[in-house]
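**Student:** Sequence:
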Amino acid sequence: MKTLKTPPQAAGIRLDQNMIPAINIVFLLLIFFMIAGQIEITTGQLVLPESRSEASPSQNVTEIHIDANGTYYLNRKAVSGTLHQALLREKIPPAQTLLLHAHSDLPAHVLDTVLQSVRELGIPKLQLATRWQP
Numbered sequence: 053m054k055t056l057k058t059p060p061q062a063a064g065i066r067l068d069q070n071m072i073p074a075i076n077i078v079f080l081l082l083i084f085f086m087i088a089g090q091i092e093i094t095t096g097q098l099v100l101p102e103s104r105s106e107a108s109p110s111q112n113v114t115e116i117h118i119d120a121n122g123t124y125y126l127n128r129k130a131v132s133g134t135l136h137q138a139l140l141r142e143k144i145p146p147a148q149t150l151l152l153h154a155h156s157d158l159p160a161h162v163l164d165t166v167l168q169s170v171r172e173l174g175i176p177k178l179q180l181a182t183r184w185q186p
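In case it helps, the numbering used here puts the sequence shown at residues 53 to 186.
Just to be clear, a hint being listed does not mean it is correct.
Computed list of lysine-lysine pairs in DSBU-like fashion (alpha-carbon distance at most 35 Å, straight line) [stated by the list, open to error]:
hint, residue 1, residue 2
1, K143, K177
2, K143, K129
3, K129, K177
It is worth saying that the hints were derived from the structure and are not from the lab. For clarity, every value in this text was computed on a predicted model and none was experimentally measured.
Turn these sequences into a full structure, and let the hints steer you where they fit.
**Tutor:** See the structure below:
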């Protein structure tokens, strides 16, 4: 009884033919992500929208002001140290709302400090005033 062996060249051709669909799928995925996932880096200033509210703020509010230089004010008093430490000293009750007044020329990354402190302290309510004129 004789067994037929496949010549080495024929085995290589069969392997290459089986890889063609996989290569096609990889190229299709590559093209899809190149078209659908355009990455855009923005370097401009954050433009805050104008908003108006008929409702007046409640009396139970702690105000944070940030001027154009990035200086923090808590209830109209300049913050000494970090904002996180000042909020800890203030001992804000859970039902109280923080009202954040950010200057319109302020870069957006400065707000990250406020948002991180609010999250760490577990303050449930934060309102953002979109325009503040000192």
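**Student:** Tell me the hint numbers this structure goes against, listed in increasing order.
**Tutor:** none
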